[in-house]
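A.B. asks: Work out the full structure: start from the sequences and follow the hints.
Just so you know, we're using the working numbering here: the sequence shown kicks off at 628 and counts up by one.
These are calculated hints, taken from the structure and not from any lab test.
No experiment lies behind these values; they were computed from the predicted model shown.
For every residue, glycine included, the Cβ atom is placed at its ideal position computed from N, Cα and C.
Hints may contain errors.
As the list claims (entries may be wrong) - Distance condition first, Cα-Cα at most 30 angstroms in a straight line; then the derived DSBU-like pairs of lysine-lysine: (1) Lys849 <-> Lys914; (2) Lys914 <-> Lys858; (3) Lys845 <-> Lys858.
As the list claims (entries may be wrong) - Estimated spans, in silico, between C-beta atoms of each pair: (4) Gln817 <-> Pro883: 42 to 48 angstroms; (5) Thr720 <-> Asn760: 29 to 35 angstroms; (6) Gln817 <-> Asp785: 36 to 42 angstroms; (7) Gly704 <-> Asp822: 39 to 45 angstroms; (8) Thr720 <-> Asp700: 30 to 36 angstroms.
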Amino acid sequence: MKMFNRKTNSTEGEKLGGMDRKSFLKMLAALPLAGMAKAAAAASPEIKPDGKKGYINTRTGKVPKWGMAIDLDLCSGCGACVVACKVENNVPTTGDSHRKAGTDISWMTMLPINGEAGAEDQMRPTPCMHCDNPPCVKVCPVNATFQTEEGIVAQVWDRCIGCRYCQVACPYSRRYFNWTEPEFPETYQQALNPDVATRPEGVVEKCTFCVHRIKNLKEQAKIDGREITDKDVRLLPACAQSCPTEAIIFGDLNDPESLVSRMAASPRAQRLLEELGTRPKVFFLGKEKPLLNEGKEG
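C.D. replies: Written as structure tokens, this is what we have:
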């Protein structure tokens with residue numbers, strides 16, 4: 628007869644390799660998970676983590692530097708990017724009173740560009756510039772805003788003390804303060820994006836380049852055992868995905884072969900307030916001028 632041993636929580640005679648049955652089963656259960664993780668890491672060399680928990684692009688040997696290019700020649704000013712950004716990132720609708728007071732929240736904004744004499748005015752989609760030399764990061768007393776290894780100017784909402792130094796320091800006015808507790812109608816609550824936390828009253832919020840989508844893409848690529856390609860990220864942020872003319876392109880500025888890098892190198896490309904030395908990673912491609920004598924001889 629087998630006797631139950633209370634000290635080992637097992638039945639005598641059921642030990643295998645010096646382990647009781649319970650420990651042995653735990654070891655067996657862990658083996659497939661360890662094997663899957665090892666296989667995924669070996670199969671996806673393009674997204675291997677570096678020493679700082681970033682991701683190395685093995686083609687360039689560098690950590691990606693995420694940036695955006697917006698072709699104003701393709702932009703129709705429809706505002707789809709503004710709506711998509713609000714929905715994707717749970718940006719609260721603050722109402723007409725906040726709009727009139729200048730305290731409404733909109734991570735992506737359509738701002739007017741005054742055209743030349745005789746030309747039509749144009750609207751310009753304007754997100755956070757995600758500067759390489761961000762003034763907002765320098766003035767935050769609690770490191771609630773910081774720059775990631777991949778160049779994204781991120782915000783830790785739970786750490787923010789609401790001093791608004793970053794809001795004052797931003798030369799592009801791309802930061803917003805929550806003056807009231809955000810409210811979402813009951814019908815809206817079911818549509819909130821679970822990947823993005825809602826922000827409480829008294830903190831500053833801003834565009835994040837949809838960093839949660841970047842994270843999800845990396846995780847899925849590891850599971851699939853494949854590399855992340857330029858096509859995977861071109862329309863990754865919600866604003867780029869929703870643009871009907873694909874005027875907004877996202878990608879790795881450290882990769883000279885990426886579409887966003889080629890657009891940034893265009894003679895039509897320019898950055899806002901470059902003279903301030905903030906080195907923004909959002910490039911605007913100016914509207915091309917038609918040739919005066921196009922289609923005419925002589």
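A.B. asks: Each of the hints needs a verdict: does it hold here or not?
C.D. replies: Do the hints match the structure? See the list:
Only pairs whose Cα atoms come within 30 angstroms are accepted, and lysine 849 paired with lysine 914 is rejected, the gap being roughly 40 angstroms. Between lysine 914 and lysine 858 the alpha-carbon distance is near 25 angstroms, which keeps this suggested pair within the 30 angstroms criterion. Among the hinted pairs, lysine 845 with lysine 858 is consistent with the structure: their alpha-carbon atoms are about 14 angstroms apart, no more than 30 angstroms. Separated by about 44 angstroms at the C-beta atoms, glutamine 817 and proline 883 satisfy the suggested range of 42 to 48 angstroms.
Against the hinted window of 29 to 35 angstroms, the Cβ-Cβ separation of threonine 720 and asparagine 760 comes to about 33 angstroms, which satisfies the hint. In this structure the hint that glutamine 817 and aspartate 785 lie 36 to 42 angstroms apart at CB is violated, the actual value being about 24 angstroms. Between glycine 704 and aspartate 822 the beta carbons are some 29 angstroms apart, a value that contradicts the proposed interval 39 to 45 angstroms. Between threonine 720 and aspartate 700 the C-beta distance comes to about 31 angstroms, which sits within the given range of 30 to 36 angstroms.
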